[in-house]
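Chains as they are written, first to last, in the working numbering: chain F, 892 to 1243; chain V, 10 to 378.
Don't take every hint at face value.
[Stated by the list, open to error] Only pairs whose alpha carbons sit at most 16 Å apart, straight line, appear in this in silico EDC-like list of lysine to aspartate or glutamate:
| no. | chain 1 | residue 1 | chain 2 | residue 2 |
| --- | --- | --- | --- | --- |
| 1 | V | Lys52 | V | Glu203 |
| 2 | V | Lys58 | F | Asp1223 |
| 3 | F | Lys1134 | V | Glu203 |
| 4 | V | Lys96 | F | Asp1074 |
| 5 | V | Lys54 | F | Glu1229 |
| 6 | F | Lys1016 | V | Asp165 |
| 7 | F | Lys973 | F | Asp1001 |
| 8 | V | Lys58 | F | Glu1229 |
| 9 | V | Lys58 | F | Asp1215 |
| 10 | F | Lys1137 | V | Glu203 |
Since the hints were derived computationally from the structure, they do not count as laboratory data. Here the structure is a predicted model, which means the values were calculated and not measured.
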Amino acid sequence: MMQWKIFTARTILLCIFFFSLLSKAQGTILSDDCDACHGIFPGMMEEAPPGEPQKFALQNLLCVNCHSSAGKDSIKILGGVKVPVVHNTMKPASLLAGGNFYYVATVLGDRKGHNVDGIASLDIKFRSNPPGYDIESDPSVKGYKVEKPLTCAGSNGCHGNRNVENPFVAIRGSHHADDTPLDGSTTARSYRYLKNTDKIKGVLGLEDQDWGQNSSFKKHNEYSPSMDNFCASCHGNFYRQDKIGKMSPWFRHPAGVLLPKTEEYANYNPEFPSPLNRPGIRMYSPDAPVARDPVPATPVETVEPGADIVFCLSCHLAHASPNDSMLRWDYDAITSGETGGGCLICHTGKTE
Amino acid sequence: MPYRENRIAKSKEQRAKSNVFYVLLILLYALCSVLFAGAVDAKMKGRCKDCHSMHADTPYPVLTKGGCVGCHGQLPNGTQNIITTGKARIPQVFHHMQNGDLAGGNFYYVADGYNPDYSKGHNVLGISQPESIPTMISPPGFIGNVVIPGGKGPVDWPEQQVLTCSGAWGCHGDRNIYDPYLSMYTAHHTHNGELDGSTVGKSYRFLYGIKGVEHPDWEYEATIDNHNGYKGDFNHNTIDTISYLCGECHGKFHPNPNLGGAKEGGFANFTLWVRHPADISFSTVHGGFAGSEYQDYVTYSLESPVAHFNPTGREKVVDADSILMCMSCHRAHASPYSDALRWDYSKISAEDMTREGCLICHTRKGGHQ
């Protein structure tokens, strides 16, 4: 009888576990192999005297260690779970949507990306000062501390709660929390765990299951213009209207503006014709993506000038890229009056 | 001839014909490339980064590196009149190269900080302070509300209004638009075709509505058969001549009825003038061309150029159809001489035997007669 009860209880628990798996989005990490992530980095917890709380030993390095790889692959498997690699110590075979810190970690890599602590040393030119930082645009109560290095998460980082200084604490729990719907209500329910503070709605978006690896016009992230506000937290002068001008004319390249439906912009991504019987609609280019409001439920293959939005990541990768200014393309190689690509995906009138 | 040999012979003949055809095709292609290469090129060719900065610490309009003057006056004390950056060749309107002044002249002569003499040229924002003498509060000869391509010029010239490179208070771009940079929108990237004046980009030197032919080196080392081709029209019923552009601000000096007309300049053709005319041909001078002193201006002079109804930039001969224009005497930007003249007016005299300056046209006013 007892055995039957135990069997029944186990079956029910298994069912609950199984159905809870189905109800969770695939972004939430669910694995029965805790050690795969938590046991491979010894020293995660420092020894503490009895009665005192334990401290996390590696802090920012925990993020770096888990999301790095000594190989070329930019997605690795830990405990049966896909883990996006943001830092390959050898040249990555392919880039994820955020790029790869490999390029900033190389010699003379400062111009290639964000110099994140544990991956790259301080930027020789900017040190730890975010270019264009404007404290009024930073919703973090703690603010960015220039005397400290850039971190993955926390007040000096991008991910997690920026009101929390400790990078690990800032994001703790998010990997296992319910991440649907992606409505910006919690860190876990924010696009790529990008949520400045508790009081600020997190970044919205549609997360590609492979983090943008091998993205195409059919399969890609979908971005929200809330990404611009997020970038502006540390680079406010590149976003605030009083700093960039008001189209008449612009003083700095705008972000968070509609891709115009007139003039050269109407021919966005000129290498591909408009879809049949859909004049004014252009094909999506993963090399110069747009943001949309609202974020579509599935990736959209097209771009609608006049409705879709130019944003920071139209030109830049978030982490690092092979190109200066962490651009999606080699700015040095883009020449007006010649063939397209790069800037000329939008600025089609500057081609030959 | 046996069948096989016949076929071989025919085959050889066909191959020969085919070769000739391909050679002709290649020659045709080469010819087209030469003839039309300029017609399909964009005006501006070069890396975006050479002229633009996306998130500059000190930003300038249209994301430029320093605005108009920042690009076209990069090295005021430098000795380059054309700066090449990558594939971009940028004419310098403000430099210190000896004998390097381009067709428009050189703002160096009026530039603050470089021993300026404001009488020598236009006082443009970013280069010179406005002139404060009463006669220069507004452009000399200014007439308000005149017809300009696409609209009307400013009704008044406010006392505090500074001259700009472009826009309503400048020369370049669409003068119906106040903002200097918006008035030039897309011009630098417009495809070079015929300069028909239909857009700013398709106008001579981005002077909206003006026609002409541009010397590729802005007349640096120009020759008498390879120079700017200036548009002129002695009928005074068009607004596409280089002199009309000047008249948009200096209206009283142009005989077009839209501008000063007969009231300010005297009757247009075959008459005596009150002010020195512009946009008149030698064929329409008082007394006629035949037997006039202008007959002796025979070979095109880079010192005192003339305009043409259909300019080519290759005109070598000056004749009755050649047209006198503002640029025959003046530089557009500034010159080493007062009134932005091409020569030192104070040294031109009726006893002069050299036939320089005014005497290039007025051949019998010198000491020759």
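Here's how the hints hold up against the structure:
Between lysine 52/V and glutamate 203/V the alpha-carbon distance is near 12 Å, which keeps this suggested pair within the 16 Å criterion. Pair hint lysine 58/V plus aspartate 1223/F holds up; C-alpha atoms about 7 Å apart against a cutoff of 16 Å. For a cut-off of 16 Å, the pair hint linking lysine 1134/F to glutamate 203/V is broken: about 39 Å separates their Cα positions. For a cut-off of 16 Å, the pair hint linking lysine 96/V to aspartate 1074/F is broken: about 48 Å separates their Cα positions.
In summary, the hint linking lysine 54/V to glutamate 1229/F is supported, as the alpha carbons are separated by about 7 Å, within the 16 Å threshold. About 50 Å separates the Cα atoms of lysine 1016/F and aspartate 165/V, which puts this hinted pair outside 16 Å; it is violated. For the hint linking lysine 973/F to aspartate 1001/F, the alpha-carbon distance of about 29 Å lies beyond 16 Å, and the restraint is violated. Restraint check: the Cα-Cα separation between lysine 58/V and glutamate 1229/F comes to about 14 Å, which is no more than 16 Å; the hinted pair holds.
Between lysine 58/V and aspartate 1215/F, the direct Cα distance comes to roughly 12 Å. Compliance with the 16 Å bound is thereby established for this hinted pair. Between lysine 1137/F and glutamate 203/V, the direct Cα distance comes to roughly 33 Å. Violation of the 16 Å bound is thereby established for this hinted pair.
When held up to the earlier numbered hints, the structure conflicts with 3, 4, 6, 7, 10 and fits the remainder.
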